[in-house]
Structures are given as C-alpha cells and as structure tokens.
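Asker: As a plain string of letters, each chain reads:
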Amino acid sequence: MRLFDPHIHMTSRTTDDYEAMRAAGIRALVEPAFWLGQPRTSPASFLDYFDSLLGWEPFRAAQYGIAHHCTLALNPKEANDPRCTPVLDELPRYLVKDQVVAVGEIGYDSMTPAEDKALATQLQLAADHGLPALVHTPHRDKLAGLCRTLDVVRESALPLDRVLVDHLNETTVKEAKDSGCWLGFSVYPDTKMDERRMVEILRAHGPEKVLVNSAADWGRSDPLKTRAVADLMLAEGFTEDDVDQVLWRNPVAFYGLSGRLNLDIAQPEATHEGNSLARGGE
Amino acid sequence: MTSLHRDRAAHPPARAAKEHTVTHSAVAAAPSLDALREHLDTHLDPAARQWYRQALAEAADHPGGHGPISAWELRLAEAGRRCGSRHADAARVLILHAARADAVALTRVYRQGTADERRAVLLALPHLVPGPDALPLAEDALRTNDTRLIAAAVGPYAARHLDTHGWRHAVLKCLFTGVPVDEVAALDERAHGDAELARMLADFAAERTAADRPVPGGLHRVLALATAPSRKES
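Heads up: the protein sequence lines correspond to chains A and B, in order. Number 123 in the working numbering belongs to position 72 of the first sequence; there are no gaps in the numbering. Number 1353 in the working numbering belongs to position 30 of the second sequence; there are no gaps in the numbering.
Do not rely on the hints blindly, as some may be mistaken.
[To be verified] Per label pair, the in silico range of CB-to-CB distance:
id, chain 1, residue 1, chain 2, residue 2, range
1, A, V303, B, E1462, 35 to 45 angstroms
2, B, G1540, A, V303, 31 to 41 angstroms
3, A, K168, B, G1387, 26 to 36 angstroms
4, A, D293, B, R1531, 46 to 56 angstroms
[Stated by the list, open to error] Partial selection, computed: residues in chain A whose CB lies under 10 angstroms from chain B:
id, residue
5, D102
6, L105
7, G106
8, F110
9, A113
10, Y145
11, G310
12, L312
13, I316
[To be verified] Just some of the chain A residues that point at chain B, by a computed CB distance under 7 angstroms:
id, residue
14, R144
15, V147
16, K148
17, D149
18, R311
19, N313
Source of the hints: derived by calculation from the structure; they are not laboratory data. Predicted model, so just to flag it, every value in this text is computed and none were measured. A virtual CB, placed ideally from N, CA and C, is assigned to each residue, including glycine.
Throw the hints in and build the complete structure from the sequences for me.
Answerer: So, in structure tokens, the structure goes:
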C-alpha cells in the first residue's frame, strides 16, 4: 500500500513519527505553512520557517524514504497581525522554488477584512506562479466561511479546479463538491473528522477529487490517520484501487498541477543511515 | 551521492588557484566546468537541454538584476524541475558561472536559497571566488547537520581557505555525520602529519569504542595520514 499524506506539519513531529509513517506505507507528504501555536511577531520568523520547509525538513524526510514538498503562504490567523503581513512581499521569491507545490494554507479564520485581503492577494500569487492553492476552511462558522471562500475564489484569477478546500465535513462537503474544487478532509483523534465518518462520506459522495490527510501538528493529532482510513475503507468493502485513488492518485493529481511534484525518492540514503539524527544532533 | 560527485572520480584533480590565507599546498579535486557541460549534454532530454542552454545564454547576457530578482536567479530556483534532481547540481553551477556570480551575489543566492540551491553555491565556490570572501558560506554549511550541505562544503574552496582549526573540525564532522571522507578535498595534503588532528581522531575513536559503537570506516584512513611523519621534518 502506497500512501500520500497531503497535509501534515512535520516541523512539529519527531523522527519516531517519520519512522512509523514510512512503516505504515507513507511515501510522500506535503507540509503546508501554518501557524506554529505561538504567534510570530516579524516576517523574519516566517522566512526562517520557510527556509526550514525547503531545507532541513525535506532532509529529515528523505532519511526515512519519504518525499517532502511544501505549500507556502501567510496563514489566515496571522494575516490579522500587521507585524506579519509584510511577509506577503517576500512570498514571490519563495513561490518559484522547486519543492513548493501550492500556495497555502490560505483562507479564513475569523473572516476579517485583513483576511479578505490576504486571501485575494495570495490567490493572485498562485495564479501568477502557476501554482494551485490549498485553502483552509474556518473551524468556527464553517459553512458561511466556505461559501465566502468560494465567492472569493470565483472572483480571483485562479480556476476552482486548481483549489483544494480543506477541513471539510458533513455540513460543507456538498457545497464544496458542487463548486468543482478538490475536497480535503482532515482526520483527527477527536475533532474535525474521524475514520468512520470519512468512510461514510466516501460512500455517499464517491472518491473523485477527495484527499484525506492527518493534518497532524503540535496539537492532539495522529500522523498515521491516513493509514487508518485506508484500513477502514478496505474493511468496509472499498477496493484497493479506491484506496489508491484517494490516498495516492488524487493528491498526486492535485499537487501535480504545479508541475513540480518529484516523487523520485526511493530509499533512505545509504551514507546517512539515520545516524546524524538518531544521535540527536551535536 | 550527486551526479556531480560521481563525475569527480572520472576527471583528474585540477591544481587549485593560488592560495590566500593558508600556507599548505592545496590540491583541489572538483569536476571541471567542461565535465559538467559534457554531463548535461549527454544526459539531459531535449526539452531540458533546450531550457538549460537558454538559461545559460540568458545568464551570460543579463548577469545583473532587473527588478526584485534577476532572471538567472529564477532559472536557478527552477533548475530541479526543469532538468531533474539528478542533474540540477550541474545545471545550477553552470548558471552561476554563466552569470559571473561574485561573492556578494553568491551570498545572496545562498541565503535566499533552498538546500539544493545552497549546495550548488557551495559547489560553485572554487570556480567563482578566488579569495576567502565566501568562506562564511562554507562555515554556515558546516554548522548544519544536513549531510548534503556538509559534503558540498568540504570541497576545494574549504581546502584552500578554511583555517586549521576549522578544517580539523570539518573533517571530524564528516566522520561524525557519516559524510564519506572521500568528499574532503585535499585530504592527503592537509591531514598529512597533523598531530592535533591525529589526537582528535584518536579521542573520537576511543569515545566510540567506550560506547561499544562502531568507529567510522574513514577514520583510520585519515588517522594514518595524520600520524605520518611530517613532510617538514622529513
């Protein structure tokens, strides 16, 4: 079984997680830039974070035989802090990099005018750089947030079929599917979606354009939730081809829209043998 | 190992440019620019070859900046997806050379680059920077734990310009992080008869042995060099 986690924040995870993910069948992942839990106070903090997503984190992933790509953006929450918004001016020089496969996470948190501006600006940046966009839907007032998100996308230069709307659930899946967007679901231990509800949604709406992720981060989350969904799909009568479509081919197709997806990473490099990390650094 | 490194074995070491801060004779092993060109001409598919030749011509014609970022820096960023990750090192080194990037430009590209771009800058240093101005970039790479960067940092440029203390620690770091000592340029010349390096290596071997952990294979080779009679004394 080959699995692709299309949304996971590995910066917050340990090498044990990488090892377990590889053993569970995860061969590729995308790490979207997001909030770190502790608010940032300057663009420089973002730049160091972006550099890490383009340098150190792919190196860590490669040692466990996992292809690492990222999406970069000013996230919706910090779009409200004027100390952070100048990072929008720095994004163009980052969006040309090889491993950047989308602009994201963008979208709404509290649906403020500052978030409107950041979302519209970054949808334009995605169009300008030939990139799709990963759009976070808000945790609070989700359906209204999704509708407003789709309206802004429709007014943008980015076609709806180059947009993945994420963190969907039973209340938002129909509106999102009718729009023609790609559909993202985050499976969590006790919030967002769980495996059983995910399988029911797949049964009701089909596997087309559906991506399932763990969205694992620094909170209570589980980097093996993609495997858990795959296992339950098989147990509930879905075929191996269905599993491969949802958990490999769909994320490859969506992020492949960037023309930058490089899955040519087979085995951990022999000369590393994990030792520079297993040691815990110097 | 990158294609650039694989090429190294196929081409004779080039005599390093005149050295600046160190008194030893640095013999530098690095793939020549001609070898890189030949590699790309042989291995790139037609579309990638056309892109790469266009990128070189553009960098040669417009080495300066236009707007916030120069065209050749954009080409540098996209070289991986255009040429394939196996050939990106060679393409990037040649773009940097075509643009006649100096220490200032290389420093900017390194600081704003991905790990892959940073590696290309490190590999390009011996071809582009005659003096020690870009040494902080090699030192930065040697502070990381990214073995791809460490391997690129211990090339001919570091052999020529790193001071004795820094060079000894670079060798030790290679052994420590699993970078093959074959990556260290001018290893024979700089390690030869270095009693302090020999002490550091022996201590490291003792620490590993005490912990019942294996001593890296390359250590004994470097130790043999370092304990050889000094040429000055012979």
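Asker: Each hint should be assessed against the structure and marked as holding or not.
Answerer: Here's how the hints hold up against the structure:
1. A:V303 / B:E1462: 35 to 45 angstroms: holds, 40 angstroms
2. B:G1540 / A:V303: 31 to 41 angstroms: The hint (31 to 41 angstroms, Cβ to Cβ) holds, given that G1540 of chain B and V303 of chain A are roughly 39 angstroms apart.
3. A:K168 / B:G1387: 26 to 36 angstroms: holds, 34 angstroms
4. A:D293 / B:R1531: 46 to 56 angstroms: holds, 50 angstroms
5. D102: Result: holds, 8 angstroms to nearest chain B Cβ.
6. L105: This interface hint holds because 4 angstroms falls under the 10 angstroms limit.
7. G106: This hint holds: G106 of chain A lies near chain B, its Cβ roughly 4 angstroms from the closest one there, short of 10 angstroms.
8. F110: holds, 5 angstroms
9. A113: At 9 angstroms from the nearest chain B Cβ, A113 of chain A passes the 10 angstroms test, so the hint holds.
10. Y145: holds, 9 angstroms
11. G310: holds, 6 angstroms
12. L312: Nearest chain B Cβ about 9 angstroms off; hint holds.
13. I316: holds, 9 angstroms
14. R144: holds, 6 angstroms
15. V147: holds, 4 angstroms
16. K148: holds, 5 angstroms
17. D149: It holds, given that the least Cβ distance between D149 of chain A and chain B is near 4 angstroms, below 7 angstroms.
18. R311: holds, 5 angstroms
19. N313: Given a least distance of 6 angstroms, the restraint on N313 of chain A holds.
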